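Residue numbers (this note's numbering), protein chains in the order written: chain A, 347 to 597; chain B, 795 to 953.
Do not rely on the hints blindly, as some may be mistaken.
What the hints assert, rightly or not - Calculated from the model, a selection of chain A residues having no Cβ within reach of chain B, i.e. all distances over 10 Å:
{"hint": "1", "residue": "GLY422"}
{"hint": "2", "residue": "ARG424"}
{"hint": "3", "residue": "LYS474"}
{"hint": "4", "residue": "THR497"}
{"hint": "5", "residue": "ASP498"}
{"hint": "6", "residue": "HIS501"}
{"hint": "7", "residue": "PRO535"}
{"hint": "8", "residue": "GLU543"}
{"hint": "9", "residue": "MET581"}
{"hint": "10", "residue": "LEU582"}
As the list claims (entries may be wrong) - Ranges between beta-carbon positions, derived for each pair:
{"hint": "11", "chain 1": "A", "residue 1": "SER591", "chain 2": "B", "residue 2": "PRO847", "range": "18 to 26 Å"}
{"hint": "12", "chain 1": "A", "residue 1": "ARG376", "chain 2": "B", "residue 2": "ASP919", "range": "34 to 42 Å"}
{"hint": "13", "chain 1": "A", "residue 1": "THR575", "chain 2": "B", "residue 2": "SER931", "range": "28 to 36 Å"}
{"hint": "14", "chain 1": "A", "residue 1": "GLY532", "chain 2": "B", "residue 2": "ASP941", "range": "43 to 51 Å"}
{"hint": "15", "chain 1": "B", "residue 1": "MET795", "chain 2": "A", "residue 2": "ARG492", "range": "53 to 61 Å"}
{"hint": "16", "chain 1": "B", "residue 1": "GLU857", "chain 2": "A", "residue 2": "GLN586", "range": "28 to 36 Å"}
{"hint": "17", "chain 1": "A", "residue 1": "SER480", "chain 2": "B", "residue 2": "GLU854", "range": "26 to 34 Å"}
{"hint": "18", "chain 1": "B", "residue 1": "ILE872", "chain 2": "A", "residue 2": "THR575", "range": "29 to 37 Å"}
Stated by the list, open to error - Residues on chain A that point at chain B, a partial pick, calculated with CB under 8 Å:
{"hint": "19", "residue": "LEU394"}
{"hint": "20", "residue": "GLY395"}
{"hint": "21", "residue": "GLN396"}
{"hint": "22", "residue": "ALA473"}
{"hint": "23", "residue": "ALA475"}
{"hint": "24", "residue": "LYS477"}
{"hint": "25", "residue": "HIS485"}
{"hint": "26", "residue": "ASP554"}
Hints in this document: simulated from the structure, not taken from any laboratory.
Please read all numbers here as calculations on a predicted model, not as lab measurements.
Just so it is clear, CB atoms sit at the ideal spot from N, CA and C, and this is done for glycine as well.
Letter by letter, the chains look like this.
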Amino acid sequence: MVAGAAAVYALRLADDCLVLSHRLAQWSSRAPTLEDDVALTNIALDLLGQARGLYARTAELDGTGRSEDDYAFMRGEREFINCLLVEQENGDFAATIVRQLLCSTFQLAQWQALTTSTDGPVSAVAAKAAKETSYHRDHATDWTLRLGDGTDESHRRMESALAAMWPFTAELFESDAVAREAGALGVGPDPATLRPEWEGYIRRVLGDATLVMPESTWTPSGGREGLHTECFGYMLAEMQHLHRSFPGVTW
Amino acid sequence: MTAVEEIRSIAGAIPDPEMPALTIADLGILRDVRVDASGHVDVDITPTYSGCPALDTIREDVERCVRDQGFTDVTVRIVLSPAWTTEWMSEAGRVKLRAYGIAPPRQHGFDLTPLTIAVQCPRCDSTRTHELTHFGSTQCQAVRQCDACGETFPHFKEH
Chain A
347 MVAGAAAVYA
357 LRLADDCLVL
367 SHRLAQWSSR
377 APTLEDDVAL
387 TNIALDLLGQ
397 ARGLYARTAE
407 LDGTGRSEDD
417 YAFMRGEREF
427 INCLLVEQEN
437 GDFAATIVRQ
447 LLCSTFQLAQ
457 WQALTTSTDG
467 PVSAVAAKAA
477 KETSYHRDHA
487 TDWTLRLGDG
497 TDESHRRMES
507 ALAAMWPFTA
517 ELFESDAVAR
527 EAGALGVGPD
537 PATLRPEWEG
547 YIRRVLGDAT
557 LVMPESTWTP
567 SGGREGLHTE
577 CFGYMLAEMQ
587 HLHRSFPGVT
597 W
Chain B
795 MTAVEEIRSI
805 AGAIPDPEMP
815 ALTIADLGIL
825 RDVRVDASGH
835 VDVDITPTYS
845 GCPALDTIRE
855 DVERCVRDQG
865 FTDVTVRIVL
875 SPAWTTEWMS
885 EAGRVKLRAY
895 GIAPPRQHGF
905 DLTPLTIAVQ
915 CPRCDSTRTH
925 ELTHFGSTQC
935 QAVRQCDACG
945 ETFPHFKEH
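So that you can see chain A by itself, here it is in the shape it has in the complex (with noise of 0.2 Å):
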């Protein structure tokens, strides 16, 4: 028995939505094409969306009583347990299809699951979820087709993002404690359970891309006990520092 796992687990499922969404964010005003500006900023905030439903289920079950806002500004760098792949700096427009395509896939997975989940609220927010996560990743299987295998320079710049995101995929079906008991609950999936699912699409959508899926060597992790890539503690003070400058502050 690990004492609140439940609140751990839904706290890492809204860190993970939460801390994509501001990478996403950050490319508004500054992609390759305005739909595409659109597309990535519509995004970030079905994940905040999804965030702030988790956030409030996390508050009634770690008994706490926070706010979303206590959640998301509030929190130093070690107190957030998201995986290391969603805090990957945005780099160039294939750096972030990727970290999307991987993301979105593991993201559908875990929210398909989720749908019967023995918790009510997080099953409510995955119904959702699922639908809107389907859509983000018909998004990034679009642009990893089209820049794969596509001009020298696409496929060139697709193929060196995916050996800098690949080693953090690891880290998303990494079991533990948590993990474990969440499954034995039947508040959500051990997500060492699916990855037979988010391989096989990946495996499909890269070599119909033309790009090679990567072998694993470098696994890095830590996300889940609050150990960062030195990139996120840069985003969370971005993040964070209207918020901790003027407390209280509202729009």
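Assemble the complex: chain A is given as a structure, and chain B must be docked to it using the hints.
Just chain B now, kept in the frame of chain A:
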């Protein structure tokens, strides 16, 4: 008219902040109204998309309108389950949407992947249209172009 009916008609008539031609009843955002013995009013609303930025405004609008009508003890709750789908949109809503220049969502348990039913251009009625981008000016809209008249138009996408 009972209190529930009265509140339902007041709250339901509130325009959507992003598509003011439609009311929240047209969109299926207003889900339930309850009044208990002590006169306390509960209103349930549901978001179209998880992150819909209009929802906070809608909540405030509902609260204010119901109060102004004399029901001072009111709580507006946001409910996620069962998840909203475009099937919740009323027939009147679809007609208004089209008149407003937005192609309404296609109906009848259609599948999200293969797009089999044509989307009609709201300007010239042609069914020869194609999607330009799946993500439009709001979360619930895509952008399409008509092959007959050349106009681009928003499409309230099926969800």
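Each hint, compared with the structure:
no. : hint                                : in the structure
1   : GLY422                              : holds (25 Å)
2   : ARG424                              : holds (27 Å)
3   : LYS474                              : violated (5 Å)
4   : THR497                              : holds (21 Å)
5   : ASP498                              : holds (26 Å)
6   : HIS501                              : holds (23 Å)
7   : PRO535                              : holds (19 Å)
8   : GLU543                              : holds (17 Å)
9   : MET581                              : holds (19 Å)
10  : LEU582                              : holds (20 Å)
11  : SER591(A) <-> PRO847(B): 18 to 26 Å : holds (23 Å)
12  : ARG376(A) <-> ASP919(B): 34 to 42 Å : holds (38 Å)
13  : THR575(A) <-> SER931(B): 28 to 36 Å : holds (35 Å)
14  : GLY532(A) <-> ASP941(B): 43 to 51 Å : holds (50 Å)
15  : MET795(B) <-> ARG492(A): 53 to 61 Å : holds (57 Å)
16  : GLU857(B) <-> GLN586(A): 28 to 36 Å : holds (30 Å)
17  : SER480(A) <-> GLU854(B): 26 to 34 Å : holds (31 Å)
18  : ILE872(B) <-> THR575(A): 29 to 37 Å : holds (35 Å)
19  : LEU394                              : holds (5 Å)
20  : GLY395                              : holds (3 Å)
21  : GLN396                              : holds (5 Å)
22  : ALA473                              : holds (4 Å)
23  : ALA475                              : holds (6 Å)
24  : LYS477                              : holds (6 Å)
25  : HIS485                              : holds (7 Å)
26  : ASP554                              : violated (16 Å)
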